[in-house]
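Student: Listed below, chain by chain, are the residues.
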Amino acid sequence: MITYALNLVIYFFIDLILVLSVNLQLGLLGIANLGFMLFMGLGGYLGALLSMGPNSSVALQHYFFGATLPFPLPMIGGILLGMLVGLGVGYLVLTNMRGHYLAIMTLAVFMIGYTFLQGVVPIVNGENGLYNIPQPLSAIAGAGHFSYQWEFAVLAGLLAILSFWFCQRVIHSPFGRAAKAVRENESGAEALGKNPFRIRLIVMVAAAGLTALAGVLMAQYVTAWSPPAWSLTEIFPAMAALIVGGRGNNWGAALGTFVIYILVGQGIGFIPIMANNPNAEYAIQWTIFGALVVAFLWFRPAGLIPERKARWPERTSHRQATSPPMSHVEEATHG
Amino acid sequence: MLKRTSLESQAGRLAVKNLEVGYGSIPIVRGASVEVEPNRIVGIIGPNGAGKSTFLKGVMGILPPRAGTVVYDGRPLQGLRPDQIVSRGIGYVPQLRDVFDNLTVAENLDIGGHIARAGRNQRKDEIYSQFPVLAERRHQSAHTLSGGQRRLLALARALMSKPRVILLDEPSAGLSPQAMDTVWEHLGKLKDQGLALLIVEQKARALLSIADWVYVLVDGRNAVDASGAVLLDDIANLGKIFMGGSESNTDNHVNSVIH
Amino acid sequence: MLSAVGFTLQWGVSNVINWAYVDFMTLVAFLDYTFTHYLHWNFWPAAILSVLLIGVLSLAMNQLLVQPFLKRGIKFFNMLIVTFGLGTIVQYLIEVIWGPTFFSITVGGQQPIHVVGVKLTVAQLIIIGVAAASMVGFHLLLTRTDLGKAMRAVSVDPSLAQVSGIRTNAVLNMAWFLSGVLCGMAGLVLAFNTASFDSTTGTVYILQILAVVVLGGIGSPYGAMGAALIIGLVGEWAALLINPYFNVVVSLLALIVVLLWRPQGLFRSLTSGSGGGTA
Amino acid sequence: MDNDTILECHDVVCTFGGVRAVNEASLSIERGTITGLIGPNGAGKSTLVNAISGHVRLDHGYVAFDGQPITRLRPHQVAERGLVRTFQLASEFPNMTVLENMMTAPHRQAGENFFSAVFSKGRWQREEERHLIEARTLLASFGLQAKEEEYAGNLSGGQKRLLELARALMTRPTMLLLDEPMAGVSGPLIDALADHILRLNRETGLTFLIIEHDLGFMEKVCDRVNVMVNGSVLTHGTMKELREDERVVEAYLS
Amino acid sequence: GSGSAAASGSPVVIDVFSPFSGPNAFIGNQYNLPPVSLAAKLINQDGGVLGHKVQVITTDSGQDVGDAVSAANKLFAQYPNLNGEVGITSDVASAVVPLFNTHKIPMMSLAGNEALDKSHYTYFYRVASPDSLQGAAMAQAALKLGYKTAAILMDNSGSTQSNVPALVKAYERHGGKVVVNLALASDQSSYRTEVEKVAAAHPQVIFTETDPQTAATLFANMKQLGILGIPTIGGQEVDVPAYFQAVANAVGGYSVEDKFLRVSVFTASKTPGFPYFQQEWNKIEPKKDGPAGPIQGATYDAANILALAMDAAHSTNPTVYVKYIRKVTDNPSGQVVTNYAQGAKLLKEGKQISYQGAVGPLKFNQYNWPTEGFDLFKLNASGKLVPMFHQPGASVANFYLH
Ligand SMILES: Nc1ncnc2c1ncn2[C@@H]1O[C@H](COP(=O)(O)OP(=O)(O)OP(=O)(O)O)[C@@H](O)[C@H]1O
Ligand SMILES: Nc1ncnc2c1ncn2[C@@H]1O[C@H](COP(=O)(O)OP(=O)(O)OP(=O)(O)O)[C@@H](O)[C@H]1O
Ligand SMILES: [Mg+2]
Ligand SMILES: [Mg+2]
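Residue numbers (this note's numbering), protein chains in the order written: chain A, 1 to 335; chain B, 336 to 594; chain C, 595 to 873; chain D, 874 to 1127; chain E, 1128 to 1529.
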């Protein structure tokens, strides 16, 4: 049982990093990036390539290089690659595209990357993907799977907390405020001296780095990495987690991750009638998932923990509970 | 001085009684009453944030009234959707989002005439001759209009539906003095044609000199109402009424500015 | 192409990307299959009824799901999730009802006929005929009727449209019904063409549809038609020169290049006036 | 260019398709003055302001601010130099509170640098406290103090105008371009704001260029008023002079 | 048999770890679960294993390695006394096989992953030959039939693509020439362009392996372009009745007589146990899961082998019985049995057995995969498979390596 619990904890941490990164783009900035799983994929692959040995006929995999680097270099490499590609994609899509067009552009970039990595075997073994990926610091743990899981959980936990702290700082700082202003009204923000392109690009690069980190961790944890692990549909749970938890709020992101990935994603299997209905499990999981999202949007459109009103000390006498101006919500993403 | 007719149903009269409207749980308009009838211009003035626009939205069915009645032509309007209210013959020019940005001037007018197809083109031509600026720019997207042109278009769009009553939320905002004269003149003509006009304005002086009756709305309630001429005589007092009930406090404005 | 036009209509008019669209495309094939195989109906009644059913379903989806949400101020991204959730539910319902295997609808006359040097089957000829006819009808609808203008007004600013006297709800329902019908036709055509389908058949197409719609300019039916041609040609051309496996990549590359050059798509969209540049 | 000129526009031309919205407009504004810009609807006033602030590209001509050419700068670069504008249509940040709108305004905040935002909170916290006091003082003087925690999108039309002005002041500009700041603002408040503007001008030397159709207001605050007709600046002078100018009366005052 | 002995105590838990959702759901739902359930039913009718009832549970391996690892961990948590594992598909094998091995759970898998060809996971057994050898066998068969130029039309799934390198290498080394090699994206509406390319290259044979649905479209396109006359050779992936059905539907009957060939990893038709399996299969699942095919047979055998190994070891403890797996299948001194009841009876009597169930004798090599070899079949006009020749394992391996 403890193994499974640890396994869930690890998944929670990894998914949390992913959801946090999505929150930076979607929640804070309203960038409709539909291609963010590409960064996850790339992070996973580079993390794997950097830690695996050189390609040999014995390994029977086809990939183009292997560096056998020690921890934490593969991780850092993965993050850097994510950021680099994030920068490129950012320049491509953020220069003069908004709203739906931006969303589709990112989707196109994602699909190109996906089809390419899936179809061209010699890069990262195509559809079969990479396997036998070394796990970081596995040498210092005991031989058993069990004790290593503890170690990995601690590692993932530390990184998740670090990411959380990072995102908190980004959002609750003048930088985050400027980013929000860009989201709300671009030309208004520009007239106040904010550079929308620069702000968007920075957020995108930072988020890409975080997404890539989630990819590296996931690949190293499951010791294998193949296209289905970062396919298009993986974006939906991440976005659902944000809806349920609350966009623009990191605590919301954490709660949403827990609800969507752990409660819904894993909990369903424990309902007794599921036991011998393997194909119903998935269907029901998605139905609950869909219903939950719909219900949340209906009853709590701002999520469990909505974006916080910025508050400053003193002068709280006039506080009034009001809802955000609905007709304006997401106008910014509409371009 | 104008004699006010009784509440009893009179053809073409719009009577709003004790209207309460707000956003979510916050009450903004807390029981305001206004009446307007054909051949009349009725004005509403009041400080910023008094609830004037909210009042109009309540009448139009954009916000659901929590209390009060809206009766037009002897039949209640509350509970109807905005498009139903429009098709009863009530036109509306909103304060802010007032034209279809991405459609051309001509298309805006066509849509305005959506519910009154008969004679639509003729009315369009009339509007073009009344406001030649719009004719010049008929194939231009509305968002490329200047602020003043935009307001003209908003007014014209509402007129295209052949309304019997028309609610205007600050028609003069952004208009040059010249354009304002044209608009006031046009509104006067509409009144003479038998329309009922209900106008929210900040340019109190201009409104008072043309309106038959004016309501002063402060903090979501009727503060004063009188004929335009009477209020015009007493305009100095108006400022005090405004400030009395509003949240803004001008007295310490100037003093507090240390920049 | 049909599918893209229907999709662009929904997207353009109601500002909603309907991810469930492709699952409706799948559903129509199953409905048709049921009518012809279990109820032994003839080809035409079965096809027409299943297409109409999809139209009605699409309308119901708008009325019962999309509109209530839009009224609550939920837009774009969140709607994407809602429709995605619905799509998955539809997909799994199909799986539960009809089973996880695949089916085939066969139309007679699979033998190719030579038409100006191109080998086409009878089924493909029917498809081309139906597509052309519905495009003409659609064109007339948008340009000759008030409904067309009303749709555009609603798509630009629903609340203003309503205070201009347009029955926004009815207009939206109409738009969804029409696009549902187009979706149904597209789904049937697809099923005839593919020779086999299962509960996931439609999902493969979402990308192609999105690419076509965006390339054409969101909400622009003519754009969608043109873009479908372009994407199709580029894809075929790429398939011949390179590996057909990568024709998606090449189409998407074309999309990116075009968008970099014209960020609003190739064609003027339903929602922009003739003077409209970029804004 | 003489030393006291802070903003200089020379032969500015802006065209949209076939429309010449601004047609060889020239303008020069002295430091520390309040200048008005009036003209019929569609004369090109807003477009000229857009051209100055970088929101619209010039087809011809140049703009210089503080002795430096700013013709091709992006809007945020223009703003950073201290030339700040407001919009004719409301441009608040709707889902941010009124106070947050204000706090966003100051230029070059230490915490807007990504790295110090994340890694050295101490550096910008002090600054935040200072801005907070400033923001609250300004809000109070615009009668918006009660609304500081309200979402800006929930303000009334007039309140949005006020916020726009307050936010622009919050940037500590060298010069302000105001596009119809008083449209929709109630009469008594206009008078108070006029005093406010005059006082700012006198006490801090802030330069203003104001577009307004409310001539009473213009008369009260402006040292000089430019008249724009058909895309070019026809003439300038005090309000009193202009009222006597036949061309102006014909074109604008009717 | 001794059906009277009531099963007692805690059940023997056998898990089926397969995709039950997503595009590959049919593998779990049709190929893996029904045959294991059938085996369990027959075993339980016989009184269970050592008196314990067999309980079949399922685990959805999901759509990717991440899902699979999590599902496996959950499985270990929920069933600490898991006795055996059947399933594990090639898409997730590389990630989960090590986990099951660490947890010491004997696995019987059909995954053909090259990566596991030289594995030393002591709990991991395969009931099918590696993909690489299968690719070589396809090449060998083609050359034996005299086809010197070939087109390759494989879908882009991992399990088919992993045949390709070996296929190309072996084919070209022995004088063949691959003129077109295309990966097909699954479930497209048309493969006309691909088929046109093939037609233009005039190959003598087409190597093709896809999922059934893709095959339906592919063959329909081939018919439209008039190249059904070119023989096709497929492998394990096409070794399912659903595939034949799909192709038959698409081209209108089994008119591909003599042209539709397939290299089978399993020697189903030769195996003495197949008729019994088929008969039992038809009793329970005549319609729902289609006719019995070799893949289902192999999975059914996998479950029986685990049970027989337990019987032989007199223990349901994985660490004990795992060593008996070889002793019940590939045992020259054992008596041949064709179903569980026979085997259990003999084992109880203290005799040795050699189980030859629905698919041929499984002779495991040092890497725990069967070396029996391959058979070439053709599909005749009435949809029956007709054996053509046998390709011994050693000969294929030799063909591959030299
Ligand atoms: N993007 C554009 N495309 C076409 N014409 C435009 C565009 N922007 C502005 N115009 C035209 O340029 C002219 C000047 O507009 P501008 O907004 O500068 O006027 P303005 O002087 O500010 O008027 P107002 O007092 O009404 O605000 C108008 O006639 C307008 O229609
Ligand atoms: N969507 C909303 N949600 C919450 N409060 C709102 C909303 N819109 C307006 N308010 C509040 O309601 C009050 C009245 O607004 P309204 O727009 O009716 O004022 P108004 O009288 O038209 O003012 P103005 O003259 O400035 O246009 C204001 O205090 C405003 O802050
Ligand atoms: Mg108002
Ligand atoms: Mg203007």
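Simulated from the structure, these hints should not be mistaken for lab results.
These figures come from a predicted structure and were not determined experimentally.
Each residue gets a CB set at the ideal place from its N, CA and C atoms; glycine is no exception.
Treat each hint with caution, since some may be false.
What the hints assert, rightly or not - So the derived label-pair ranges between C-beta atoms look like this:
| no. | chain 1 | residue 1 | chain 2 | residue 2 | range |
| --- | --- | --- | --- | --- | --- |
| 1 | B | 557 | D | 962 | 24 to 32 Å |
| 2 | B | 431 | D | 942 | 34 to 42 Å |
| 3 | B | 540 | D | 1075 | 25 to 33 Å |
| 4 | B | 362 | A | 291 | 45 to 53 Å |
Student: Against this structure, judge whether each hint is valid.
Tutor: These are the hints, each one checked on the structure:
1. Taking 24 to 32 Å as the suggested C-beta distance range, the pair residue 557/B and residue 962/D conforms, at roughly 31 Å.
2. For the hinted restraint 34 to 42 Å between residue 431/B and residue 942/D, the CB-CB distance of approximately 36 Å keeps it satisfied.
3. At about 28 Å, the beta-carbon gap between residue 540/B and residue 1075/D stays in the expected band of 25 to 33 Å.
4. Checked against the given bound of 45 to 53 Å, the beta carbons of residue 362/B and residue 291/A, roughly 35 Å apart, lie outside it.
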